[in-house]
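In order, the protein sequences belong to chains A and B. Residue numbering for the first sequence follows the working numbering, beginning at 1 and increasing consecutively. Residue numbering for the second sequence follows the working numbering, beginning at 1001 and increasing consecutively.
It is possible that some hints are incorrect.
Stretch-level coverage of chain A by chain B, calculated; a stretch enters the list once three of its residues show a Cβ under 8 Å from a Cβ in chain B [what the hints assert, rightly or not]: (1) 199-207; (2) 210-219; (3) 274-283.
These aren't lab readings, by the way, just hints derived from the structure by calculation. The model shown is predicted, which means the values in this text are computed figures rather than measured ones. Beta carbons: idealized from backbone N, C-alpha and C, even for Gly.
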Amino acid sequence: MFEVILDPLTSFMEYVNNLNAPYNALSYEEQKAMSIFQRIIFYNWTFEMYCCLIMVGFYVAYQYGVSTNLSIADKLFNSLHVYFKNELNFARVGLTSLKSGSPKLYLDQHLHTWFTTFATGRSAIDCINVKVHLKPRNNPISLFIETFLGYFFSAFTYEDLEEFVEVEIKPNGVYVSNENANANNNKAEILHNFKFVTSIVNKTIMDKIRIDRYFLSLTHVTENDKIPKEFVFMSEVNQINDFIYKYTKGSFNDEVLRKSSKLLQFISFTDLPDLRPEDGKRWTAALSPRCIIRTKVPTSAKELDLLNKLIGSMVEVYDNFTRDLVQKSGNAVITPDVLKKINNLRQGELARIEKIASHAAMELAKEEKKELIKEKRRELKKSGELQSKELKMREKRERRQRNKQKQRMTTQ
Amino acid sequence: MNPQITNILIMGGMMIISRFLDFENKIILNVVRIMYFSSMFISLAILQLTKWKIQKNNDLTVLKYVAKDSNSMFNLAAAEVDPTNENSNGERLHVISIKDYDLTEINSALKSLSNNLVVMLFMHLYLKYSNPLFMQCISPIKSTLENKVVQIILFNKKDSGYLKRPFKTEPMFGGDNGKTSGGSMMSMMTGGDIKTDKKTIETYEKAGNGGVKLD
Chain A
1 MFEVILDPLT
11 SFMEYVNNLN
21 APYNALSYEE
31 QKAMSIFQRI
41 IFYNWTFEMY
51 CCLIMVGFYV
61 AYQYGVSTNL
71 SIADKLFNSL
81 HVYFKNELNF
91 ARVGLTSLKS
101 GSPKLYLDQH
111 LHTWFTTFAT
121 GRSAIDCINV
131 KVHLKPRNNP
141 ISLFIETFLG
151 YFFSAFTYED
161 LEEFVEVEIK
171 PNGVYVSNEN
181 ANANNNKAEI
191 LHNFKFVTSI
201 VNKTIMDKIR
211 IDRYFLSLTH
221 VTENDKIPKE
231 FVFMSEVNQI
241 NDFIYKYTKG
251 SFNDEVLRKS
261 SKLLQFISFT
271 DLPDLRPEDG
281 KRWTAALSPR
291 CIIRTKVPTS
301 AKELDLLNKL
311 IGSMVEVYDN
321 FTRDLVQKSG
331 NAVITPDVLK
341 KINNLRQGEL
351 ARIEKIASHA
361 AMELAKEEKK
371 ELIKEKRREL
381 KKSGELQSKE
391 LKMREKRERR
401 QRNKQKQRMT
411 TQ
Chain B
1001 MNPQITNILI
1011 MGGMMIISRF
1021 LDFENKIILN
1031 VVRIMYFSSM
1041 FISLAILQLT
1051 KWKIQKNNDL
1061 TVLKYVAKDS
1071 NSMFNLAAAE
1081 VDPTNENSNG
1091 ERLHVISIKD
1101 YDLTEINSAL
1111 KSLSNNLVVM
1121 LFMHLYLKYS
1131 NPLFMQCISP
1141 IKSTLENKVV
1151 QIILFNKKDS
1161 GYLKRPFKTE
1171 PMFGGDNGKT
1181 SGGSMMSMMT
1191 GGDIKTDKKT
1201 IETYEKAGNG
1211 GVKLD
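Take the sequences, apply the hints, and build the full model.
Set out below in structure tokens:
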């Protein structure tokens, strides 16, 4: 079997060695008689030349990959920062990172594959986090191997090959209508109304995303004539499918959603975690109301504009929903009845999680008990007590057997 | 007759015929090579044409069904999610558009075609076997034409009966595809049946088995 790999390798090594056979055949005296220049000319540099070419190739590929990723990130974040600052009126936009002397408003990590930015300081919104993941273009060999393996063995598919933008908008439950108005002080009470899951998901990704995100795997999938045919609603209860439409402008469907059918993967308003909590405590700790917008990486000016509009529309949803809650207007989609219904559904799920957690704890306790008994037995064996104990037990068994026999004899 | 059985019969027949062929003769060898590569090319062309038609039709109707996941990682995760639920068995709800379902089927057919090509090239060029080339002359075209998506999309057959999506795996020796408790061994080996009833779908729809991270 190894011959398949070793034979070509051996013949290649032989070929490489033979390249310089005339040079290696020279005697010490002959080499000494030649000048350095003559030796350099006489030596066959083909192998070294190919090695250098490969190294230069790697360097060029690395530089190309880095510059491509950086140019995508620069274009994207410049567009987002301007939009956050000028259109959405955030007080603070971007992170100040002074890496390698050039000030950048975004964080660049993991060899230019992960990028992050942030915006805060606005009515109704606590913060916006933007995460961007790009392919490791600077390492074409790993990229090729991963793609190749992914094609033939789907189980090996490496998720880092995916490129995406994920925007997380967190509400703060505070509504300020203008610069001079006072903020409401019941933000905890307001945020209590954000406990629901409603999403608009692209049909091309709906199956995979339900496996990846816990909160989506608790929702009901509904097709509706209201949304473009490329999308479905995924909500905990069907009554809240209208939530996004109610708080956005009438043009949202045609101007934003329909046009972004190739860009947008999903929009979700949720407070449940992405990963499945292992018990009730972790469930409670992971609750955090937010809106997630996940898209492909926009590259053209049109796509960048669409991404900005999508973020703007979701900020608008939080603005209008928070305003409705603060001003206690009667036409809210999220009514106490709906929240109660959702809460009842969640109680069932929570009970199931607790049941699984207690089952796992019981299994663990059983394992530990077994291990303890084994350990005790090992110690007894080591000290020699086990032998004497076993001897005593055997004697006891034999004595009992004898007694039983005696009893039988007497009764007969 | 079941396609798997006809495949075996064809392979057997081709094997017998190949014994009478002189592969040392360059002309015969080249004819066999041309036959094999033409067969691969025709299959590839049919599949690509079907793919193009699927993209053009753009049927985005949602298809929901409960089945075992082909990804073994999900089966592991599902087993970890709810060890108390004996009915889960690594099954999950699949929510997919008809377009994506058809494309997945066509892509898996393309993948098996490319696997076939790689194996044949290795056997012929490296191991110097020529019989397999001849034996594989008919099978690729036959399985491509028998592909259910090809039949629906290219030959405009109605998607009902055995062509109804989601497609059920046909057991090799007949049987009921595991519908009754005494389902055939083959149906059990191919992963059991696909459930499309409303009650099962509703149960699995909100099962909450997403977002499971394997350690």
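Results of checking the hints against the structure:
{"no.": "1", "hint": "199-207", "result": "holds (count 4)"}
{"no.": "2", "hint": "210-219", "result": "holds (count 10)"}
{"no.": "3", "hint": "274-283", "result": "holds (count 3)"}
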